[in-house]
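Here is how the chains run, residue by residue.
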Amino acid sequence: MHSEKQKHTFEPKIIAFVCTWCTYAGADLAGTSRMQYPSNVRVLKFPCTGRIDPVFILKAFQQGADGVLVSGCHPGDCHYIAGNFHARRRFAVFRKLLEFVGVDLNRLQFSWVSAAEGGKWVEVVTDLTEKVRAMGPMTEFKELAMEEQWSGAIDTPELKEAYNQI
Amino acid sequence: MSRIGVFICHCGENISRTVDVERVAQEVGKLPGVAFSTDYKYMCSDPGQNLLKKAIQDQKLSHIVVAACSPRMHEKTFRKAVEAAGLNPFLCEMANIREHCSWVHENKEEATVKAVEIVGMMVERVKKNRVLPTITVPVTKRALVIGGGIAGIQAALDIADCGHEVILVEREPSIGGHMAQLSETFPTLDCSQCIMTPKMVDVANHPRIKLYTYSEIELVEGYIGNFQVTIKRKARSVNEDTCTGCGVCMEKCPVRKIPNKFDCNLGMRPAIYVPFPQAVPNTPVIDRENCIKFKTGKCGLCQKVCGPGAVDYEQEDSLVVEAVGAIVVATGFDLYTIDEKPKGSAIKGYGEFGHGKIPDVIDGMTFERLASASGPTGGKILRPSDGREPKQIVFIQCIGSRAREKGISYCSKVCCMYTAKHTMLYHHKVHDGQAYVFFMDARTPGKSYDEFWRRSIEEEEAVYIRGMVSRLYQKGDKIVVMGSDIAVGVQVEIEADMVVLATAVQPQKGADLLAQKLGISYDKYNFYSEAHAKLRPVECATAGIYLAGACQGPKDIPETVGQASAAAAKVMTLFSKDKLEREPIVARVKESGCVGCFACKKVCAYGAVEEKEIRDRQGNLIKTVAFVNPGVCAGCGTCQATCPSKCVELDGYTDEQVIAMIEAL
Amino acid sequence: MTKPIDTSIYTAVTDAIRTEAQRILSEGQVSAIVGYAAARRKGSAQPIVISQPDDAAKLIFTPACVNNLAVYLTKAKKEIPKSGKIGIVVKGCDLKALSGLMGESQLKREDIYLIGVPCAGVLASTVQPATELTTDSIAPKCTECDAHLPTGCDFVPAQTPVAADLEKKYAAEITRLEALTPAERWAYWKEQFSKCIKCYACRQVCPFCFCEQCLCDRNKPQMVDTTPRPAGNTAWHIVRAMHLAGRCAGCAECERVCPMDIPLNLLNRKMAKELKELYDHEAGFEVLDKGPLNMFTEKDDQSFIK
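Chains as they are written, first to last, in the numbering used here: chain A, 1 to 166; chain B, 1001 to 1665; chain C, 2001 to 2306.
Worth double-checking, as some hints may not be accurate.
Stated by the list, open to error - Cβ-to-Cβ under 7 Å is the rule here; a few derived chain C residues that face chain A:
no.: 1; residue: Pro2182
no.: 2; residue: Thr2226
no.: 3; residue: Pro2230
no.: 4; residue: Ala2231
no.: 5; residue: Ala2241
no.: 6; residue: Met2242
no.: 7; residue: Cys2258
no.: 8; residue: Leu2278
no.: 9; residue: Leu2293
no.: 10; residue: Phe2296
What the hints assert, rightly or not - Chain B is nowhere near these chain A residues, computed Cβ spacing over 12 Å in every case:
no.: 11; residue: Thr9
no.: 12; residue: Lys13
no.: 13; residue: Lys59
no.: 14; residue: Pro137
no.: 15; residue: Thr156
no.: 16; residue: Lys160
no.: 17; residue: Ala162
no.: 18; residue: Gln165
no.: 19; residue: Ile166
Hints listed in this document are in silico derivations from the structure and should not be mistaken for laboratory results. Just so it is clear, CB atoms sit at the ideal spot from N, CA and C, and this is done for glycine as well.
Please take these sequences and the hints and turn them into a complete structure.
Take a look at the structure:
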């Protein structure tokens, strides 16, 4: 247990997309076992990781998440036979895309946490929180949202002059 | 405008110890749409639930959020309470501020802030909740059982005894399956016929079992509770209703030398035949390929001698359609043949073992027929080649099984035990003979099984050699078996009179084709897949279809019977209500936007997505769209995440609800 | 070093297409043919739909025949496929798109008559349509083409294109970007996406963007911001790339039509590269039952999952 509470200057916002049968139940188990972990995580429950659309991850980052966790049943344990297998492919590809556009993948964690793995839930959440805390806020998407106007580069003298006159 | 009621539970002190519940109630009360917000010591208690019900009525609440423990704990409780108060239960959501908050955080400030956010998220979500009516599906209380072996017989009897009609379909002319072929059964050595035939007669006499033998499944339509099954009844050429089973036709048939498949081709049968004397039904069938009447148009002897005039050469294959609510698949197994397989096949044979070429190399089932009192030799162990009694006999286990290089990696489970049984039967019948067994491991889990195996060695003098056979060949009238004894580390060479191969258990031929008709999944060996390896071992992922026996994987008789009764129990559970009620958490297609790419259909593990044609009033096809059968959909939502235009939506987990939650953060 | 690319077969290809088109139209095998015809400016080409045998003489194939005509068989002209069997002139890259569309139930093979084109490459830009095809002026997609000669068509002129060995332009650019830090890549794409004016030309021209209602146009819920602002632009391009992953056939029409010169196909190519590495999937002429993201194997890579 934490003997003394550390003071942090930055509290990251972590959003977790989890399936109801394994990871949500695993998080419940962490609770019934009175394990302790950082309070930064907000859990969104889905029937299955197969339901989790990559757009949700994108949306979470746009809404100011500093880290995103996607977690479901171990391969072969899916309550819906194969939803997690489909999710595995989908996210294997999606994370590559995010990486290519310049998102630091340290902010996006995938995991298998079973209903029996309360300890693993705590570990995954704690690790991600600490990692993201060390990285600092996710500014990329927030900055985009701040830039209200069309921001095509003002690269010609005429444009610059026109812009300055506004 | 929604009037949301929020109820914060203290859970005694479980929540209120680390979460300032009054503050949560206050803060949440300020959220737009929240009309009522309060906290209470125990929401799940009777007074708590009454508080909820009363508030719904007094405050005219439209949506409810209960912030308490995990929804896995009490979601049902509160949805029921909400329903009792006149609201649709799916307008109530739970915010988990115990397992996910108060119990896992110590700092009261942090936990309170988190609790406010969790509740706020659920408030935004519940605004987007829709009224979802419970899905009811009518149930036809009749069952179809496919396969008339011991699995199918057991399942059919159990369901019929419970008062429901059963259609039992068997491909062969008689029910009985492989068990009827066996001589004696392990571990008790009781005669298979003696325990099997009474059950077969029970099936024939059961007022609620309709038996279609010599019939196959042609088409399966519909879904749980409402299947329409088309069954092809192959022309028997003998009228089942009028035939008395006297057997005169079989006696008079001039064609007598057709190898009988039931006797593993060791015995002979006429062209009009029953596969074995105890067949059910005891109505013969004409084998049209070998019948002189069908080949040349002459003969017709059987028709002339038939007293009741049951022989009908004009009979044709016919189709019958049966409506059933549940299907038990019990198609059983077949034995691996060791002959060389066609090039490119994943399964390789054992051409090197001379099966089919050396007549005295036989498989386990053939040995059963030799040892059976009703078999072609009357129960004497005799060599197929010259009818002599074999004095040295070699059994080889794991032929095909556990041999990845031969294409099958699984254990066939029954061979260790039946080979031990074979050595005993042999020893009982050939007192001066010697049995040798080549084996890799002896796998004998099961009640009284290991004792049985040990008895074959310790009392019945079988010599077990741990090791595999590398080669066998004919030398004079002997078969030379060369192998290694890895326990001692020497090469062994035995001149045997007969070799018995414990060949692998495989699914029936055409198992994959039947699976495609049924819409159930199967593994790479064509064994049918259960919905969950541990928790749903007799159910298919496709709702309303259940598995019994070796079609799901190799099994012995007790296990098969157990599984058959379990499948029957599942069917009876389904039939216990007139209507099947399902949670309305299912996917729906927005047909106006669907472009019919069927990505949803491709990812659906349950076969719940169908193709539906949209036509105008003149009947012209406008487009083909996806349709989710709510009776079959399991509600995983994989289709929705896959659909590019999001035109399929999982009720209860819509994009609107999810985005509302994300935006609340 | 700029070198010319041998397009000498295109004249013979044009003749063969005309003869075949004339034949199948007059025999009534097809009701119409989608192909290329000369446009007003010298050397230019434009898509054309012909239904009269006499019009077969209008068909051409030149380095300016850049368009992927597959788009005319899906959403762009929904009424065309309804009018009976249709002939279509396809380059290898276009045929890959058609095969993908067949796999996604948007077209039936029996409804189309494929006139394959042996192709050595087309121009990157048709601003100067009379430009000679050289290692410089060739479309970047053609530098990576493995489908110069379409197969499985109903008719292919008996010509063999001379495939020049070219530096793979996309592969080089992907490698360059991969070597950057995430922050540098973000800066690069931020710059690129900031140019976007949300004209959706990329969506209009893409044969695979056949949805009747695009997810990105929805407002209930609004998954993606629709305004041409940086946040919405970025989201749009990420969603577009994701939705085309495992489907994009690499025709690069999105990039060609982009008025703001955003290197759009780079994203699709990167996805294709990953799908090749992860699941050994490549867009081809074969019609697949399931795309790589509609299926799985139990042994799929999960090294990224904790």
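key: Structure versus earlier hints - violations, ascending order   = 2, 7, 12 and 13
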